[in-house]
Amino acid sequence: MYCCFPQLLPESAEMENVSVRIPLYDYIPDRLLTVFITEIGPIDPSYLYTLSKQRYHIDDLDLCTLD
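One point on numbering: in the working numbering, the residue at position 35 of the sequence shown is 35, and numbering is uninterrupted.
Incorrect hints may appear among the rest.
[As the list claims (entries may be wrong)] Pairwise CB distance ranges, derived in the manner of DEER restraints:
1) Tyr56 to Thr34: 21 to 29 Å
2) Asp59 to Glu16: 18 to 26 Å
3) Val18 to Tyr49: 16 to 24 Å
4) Asp26 to Tyr47: 19 to 27 Å
5) Thr38 to Asn17: 38 to 46 Å
6) Ile28 to Tyr56: 20 to 28 Å
7) Pro42 to Val18: 36 to 44 Å
8) Ile28 to Asp59: 22 to 30 Å
9) Thr34 to Asp60: 21 to 29 Å
10) Asp59 to Thr38: 17 to 25 Å
11) Asp44 to Val18: 41 to 49 Å
Read the hints as simulated data drawn from the structure, not as lab findings.
All C-beta atoms, glycine included, are put in the ideal place defined by N, C-alpha and C.
With the hints as constraints, model all of the structure from the sequences given.
Structure, rendered in structure tokens:
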């Protein structure tokens, strides 16, 4: 998913044949993550799913339906 924010690169409108794409999020492979920082403190990746199930409704956890 990409978004267009012309105010971030105002000179991009003056460039011909240039497409500026700004990602809405970054993908980080799970092997590179050692800890998640949350509002309740650092969380081990193996505990993240359990914590999510405790704090959120199951319908809120289905992130695969992003369009």
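Results of checking the hints against the structure:
Checked against the given bound of 21 to 29 Å, the beta carbons of Tyr56 and Thr34, roughly 23 Å apart, stay inside it. The supplied range of 18 to 26 Å is broken by Asp59 and Glu16, whose beta-carbon atoms lie about 46 Å from each other. Checking the proposed 16 to 24 Å range against Val18 and Tyr49 shows it is violated: the Cβ atoms sit about 41 Å from each other. The hint said 19 to 27 Å for the Cβ distance between Asp26 and Tyr47, and at roughly 22 Å that hint holds.
A beta carbon spacing of about 43 Å between Thr38 and Asn17 agrees with the range 38 to 46 Å that was offered as a hint. For the pair Ile28 and Tyr56, the beta carbons lie near 21 Å from each other, so the given range of 20 to 28 Å is met. Distance hint check for Pro42 and Val18: the Cβ-Cβ separation is about 41 Å, which falls inside the suggested range of 36 to 44 Å. Distance hint check for Ile28 and Asp59: the Cβ-Cβ separation is about 25 Å, which falls inside the suggested range of 22 to 30 Å.
Between Thr34 and Asp60 the beta carbons are some 25 Å apart, a value that agrees with the proposed interval 21 to 29 Å. For the hinted restraint 17 to 25 Å between Asp59 and Thr38, the CB-CB distance of approximately 21 Å keeps it satisfied. Here the CB-CB span from Asp44 to Val18 is close to 43 Å, well matched to the stated 41 to 49 Å.
Of the numbered hints given earlier, the model fails hints 2 and 3; all others are met.
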